[in-house]
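J.: Need the complex rebuilt from these two chains, each delivered in its own frame; the hints are there to steer you.
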Amino acid sequence: AQSVTQLDSQVPVFEEAPVELRCNYSSSVSVYLFWYVQYPNQGLQLLLKYLSGSTLVKGINGFEAEFNKSQTSFHLRKPSVHISDTAEYFCAVSDQKGSQGNLIFGKGTKLSVKP
Amino acid sequence: EAQVTQNPRYLITVTGKKLTVTCSQNMNHEYMSWYRQDPGLGLRQIYYSMNVEVTDKGDVPEGYKVSRKEKRNFPLILESPSPNQTSLYFCASSQDRSSYNEQFFGPGTRLTVL
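Protein chains in written order, with the numbering used here: chain C, 1 to 115; chain X, 1 to 114.
Be a bit skeptical, because a hint or two may be false.
[What the hints assert, rightly or not] Some chain C residues close to chain X (C-beta under 7 angstroms, calculated; not the full set):
1) 46
2) 53
3) 94
4) 105
Keep in mind the hints are simulated off the structure, nothing from the lab. Beta carbons: idealized from backbone N, C-alpha and C, even for Gly.
So that you can see chain X by itself, here it is in the shape it has in the complex (with noise of 0.2 angstroms):
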C-alpha cells in the first residue's frame, strides 16, 4: 500500500531535550516536506526537499532541522524544543516538485512541549 507513516504518533516531551520525528514514503517520491497545523491558522511548511542531500526553509523554519540522506526518509529535527513548537505535524510526499501534483500527507504527529 502506497503510504507516508510518521513515528511517533504521539509525543510529550520537556523544553529543551532534543526530538526526532521520522517520515518515511514507499512511493519512490523525489519530493518530501514538514508542515505544522495550528488552530486558526491551517498548514504551514516548514521545510522541503526535492530530492537526495538538498533540503531548503519553509516558511516557518526557525527552531527545527531536517537530512534527506535516503529518499524515502525525511527526519524532522527538534534540536531546543520550546513550547510554541507544541503543534500537530504533518509529512507530505510527492512525485516531484511540480506544483500541479497531488501531495501525499502522513498520518501527523502531536507534539506536546512542556
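So that you can see chain C by itself, here it is in the shape it has in the complex (with noise of 0.2 angstroms):
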C-alpha cells in the first residue's frame, strides 16, 4: 500500500517570493508520482509528474519538482509566485505495477499568494 504525506496544510506567502510545497510517500513498490492543482472551484488539472530519468521535473506554469528516492520525497518548486496561483496542491502516487489505475493523493496544501 502507498500513502502520501503533504506536510504543510496550508502556505501563505507574498507575490514574487519563492515557494516549496513539501511531499513523502510510503511505498513497498515502485511508484509514478504527480503533482496536480486545484484551482477554486474547479477540478484538478496536472502540473507534472514523474517517471523515470532526470530527478528534476518541470511542468506547467513554472513549476518544477524534484525526487528523492532516498528521502521519499517529492517537494514541488516555484522560484518566484504569482497571485495567480492561489490554489490547493495535490500530491499523488500510483503503483507502478497497479491493475486498479488509480491513484493515492496526499490531504492537499492550500498555497495563498498575497499581493
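T.: Below, the structure written as C-alpha cells:
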C-alpha cells in the first residue's frame, strides 16, 4: 500500500517570493509521482509528473519538482509566485505495476499568494 | 474541446432520496473513475471502470453504485443517500488503466444530503 503526506496544510506567501510545497510518500513498491493543482471551484489538473530519468521535473506555469528516492520526497517549487497561483495543490502516487489505475492523494496544501 | 463534464454541479437532497450524478468524457478514454473529496482527507477513489461493462470498487465504495454501458458515460448512483455522503465528487478519465497516465478531472459536483 502507498501513502502520501503533505507536510503543510496551508502555505501563505507574498507575491514574487519563492515557494516550496513538501510531499513525502511511503510505498513498498515502485511508484510514479504526480502533482495536481485545483483552482477555486474547478477540477484538478496535472502540473507535472515523474516517471523515470532525470529527478528534476519541470511542469506548467513555472513549477518544478525534484524526486529524491532516498528521502522518498517529491517537493514542488516555484522561484517566484503570482497571485494566480493561489490554489490547492495535491501530491499523488500510483503503483507502477498496479492494476487499479488509481492515484493515492495527499490531503492537499492550500497556497495563498498575497500582494 | 477535450473535457470531462459532470451534472449537476450542485445538488441538495434529503436522506433516502435516490440520485444520479452523470459523468461524460469526449476523449474516447477507456478508464474512468469517481473520487470524493473531503476537507483534510484529500481525494479518495469510490469506483473505477477499465472499459465498457467492467467496473470495480475503489477505496470507499459503500453506499454507491456505478454503471458503464457506454464508453463515454460513467454515472454515479446513490440509491439511499445519507448525510455522511455530503461531499465534493469528481469524475476522472484517462486513456487506459496504466498508472503513468494523466487523469483528466471534471469540474466537480457538490452534494449536500440533509
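J.: Now, for every hint given, state plainly whether the structure supports it.
T.: Tested hints:
1. 46: Where the cut-off is 7 angstroms and the nearest Cβ of chain X is about 5 angstroms from residue 46 of chain C, the hint holds.
2. 53: Hint on residue 53 of chain C: violated, closest Cβ of chain X at ~12 angstroms, above 7 angstroms.
3. 94: holds (4 angstroms)
4. 105: Holds. Min distance 4 angstroms.
In summary, the structure is inconsistent with hint 2 from the numbered list given earlier, while agreeing with all the others.
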